[in-house]
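Student: Just need the whole structure built from these sequences, with the hints factored in.
Here's the letter readout for the chains.
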Amino acid sequence: MADSSIFIKTKLTGRRFEDHTVPLDILEDFGAFQNLVLDLAKSIYLEENRDKKRVPNGFSDDFTLKLASIEEGSSILKILLPLALSTANSAHTDYFIKARDRVVASVSAAANGRSIGGAIPDSLLPYFNKIGRRLKEDESIDFNPDQPDLNAKLNNASRARLVRESSNVEEVTQSIRIIGKIPLVDKSRNQYAIELEDNSRITNAWTPQYRDIINEAFENFDEGTRVSITGVGRLNRQNKLVSFDNIDDLSILDPLDVDLRIREIAQMQNGWLGGDESIPSTEALFWFANHFNHNFNRALPKPYIFPTAAGGIRLEWRHNGYDISIDVDLEAQAAYLHNYNIANDTEEEHDLNLNTKTDWDIINTSLEATIPTA
Amino acid sequence: MTPTTKLHRQVSVSWIQNGEPTSQTFKPTPKDNSKVSVYNGDKYTAQEAFIHYTTVITLQSSGCVSVECQECSAESLNFVEDNDPYDGHSIIDFTGLSRGETERKAKKLLNLAMTRGWMYKVA
Chain R
0 MADSSIFIKT KLTGRRFEDH TVPLDILEDF GAFQNLVLDL AKSIYLEENR DKKRVPNGFS
60 DDFTLKLASI EEGSSILKIL LPLALSTANS AHTDYFIKAR DRVVASVSAA ANGRSIGGAI
120 PDSLLPYFNK IGRRLKEDES IDFNPDQPDL NAKLNNASRA RLVRESSNVE EVTQSIRIIG
180 KIPLVDKSRN QYAIELEDNS RITNAWTPQY RDIINEAFEN FDEGTRVSIT GVGRLNRQNK
240 LVSFDNIDDL SILDPLDVDL RIREIAQMQN GWLGGDESIP STEALFWFAN HFNHNFNRAL
300 PKPYIFPTAA GGIRLEWRHN GYDISIDVDL EAQAAYLHNY NIANDTEEEH DLNLNTKTDW
360 DIINTSLEAT IPTA
Chain P
0 MTPTTKLHRQ VSVSWIQNGE PTSQTFKPTP KDNSKVSVYN GDKYTAQEAF IHYTTVITLQ
60 SSGCVSVECQ ECSAESLNFV EDNDPYDGHS IIDFTGLSRG ETERKAKKLL NLAMTRGWMY
120 KVA
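Going line by line, the protein sequences match chains R and P. If you're matching positions, the first sequence starts at 0 in numbering that gives the first Met the number 0 and goes up one per residue. If you're matching positions, the second sequence starts at 0 in numbering that gives the first Met the number 0 and goes up one per residue.
Just so you know, not all the hints are guaranteed correct.
Stated by the list, open to error - Stretch-level coverage of chain P by chain R, calculated; a stretch enters the list once three of its residues show a Cβ under 8 Å from a Cβ in chain R:
hint, stretch
1, 4-14
2, 18-25
3, 92-103
Think of the hints as simulated: they come from the structure by calculation, not from any bench. Even glycine gets a Cβ: it sits at the ideal position worked out from N, Cα and C.
Tutor: Encoded structure:
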């Protein structure tokens, strides 16, 4: 590298990093990266010095990686090696550099669907259960952004490949959000059960800060109350959640949660009205959910959402004598808004392009004029 | 049929969210040819209409909501018992209405029906 003090440059991509900041939970992962490099450097030393049984005293002295800066361009992190080790005279620097290069090459291999070929010992692969475990689905850490053709990107998929190359590891940790119910609370064992959407159950240790929410969800289980849980989960080889390592948030789900309703519609079957009605594609539904979440005034009540026989969806609000509907043509990414005052038989109609902010503003304005905001 | 005869409309299970029916309930779908199918309340109670719909026609329903013939007339909506494809089959006719008129009348009928309450509902 041109500047000998820069040990590695990484680039974070994903919506969370677009404001050129880095959430603290991601920075925690670089601590695990440091530990991996250190342990791998020791392993490489012993590989190359088979007459030695252990690394020399002081091998890891002063080995501390430091974050120097966060640059623009999504978020680019420059991580430095202390001067004591970065000088050409350091006897051990080469091992840390070799370790770094093997990590980068292994990430690239995993990202490109190749085996890492033993570049990282089995016993060290579980480090990838810590590095990047809080990455969301759309996020990655590029460990060599200056050579984009290598595709040395760590994301949930490449992390899982790296962890599972180890014969000792069955489960991969990953940032996850689930929707479920709480059918059981066992205070004698300080645990509670979470029923997942496929009706399977996992058990979680009691989390005192969410006591009231857990109890409320349990007491209203028969009414179908659902919770949203985000945190770091453990997935088995079938990518099924088996437990949570950490829970970052547990909240009662709004019965009109839009993301949940979109997922429900996506799971409906074609012919749902008894004819040849089709359900919109998952891609189209998630496109809409994304635009809705970005453009809809969150102070307004959430809509009821239904499939339409024309293959789209329809949003509805009924409040204070107004019956408001928005028929969404997902293929055309267009909509028809009908705001009807039943009492005085007056209406407002708009044809809308859902790709334009101005037309989402029309939706918000029409609703704000008829429904109180929170 | 008399002015107070009920016209029973089935509500698809996919058209219920948190117990609330969609305002599409009385709106013709593209395949309806502007005619909404209902059951003649002089020949079927709401429960009988539900049973016929789910066991003879073999379609899914969450239950029945109903409007009266006079309520359709008040909206200038024609209705007729055509007995096709089964005895007691009737239609509420939206033929010739604009998009906005169709929405208004469908919403109004649902409002009337929900003010009356579910005539039959699956538990």
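Student: Each of the hints needs a verdict: does it hold here or not?
Tutor: Okay, the hints, checked on the actual structure:
no.	hint	verdict
1	4-14	holds (count 3)
2	18-25	holds (count 4)
3	92-103	holds (count 4)
The structure agrees with every numbered hint stated previously.
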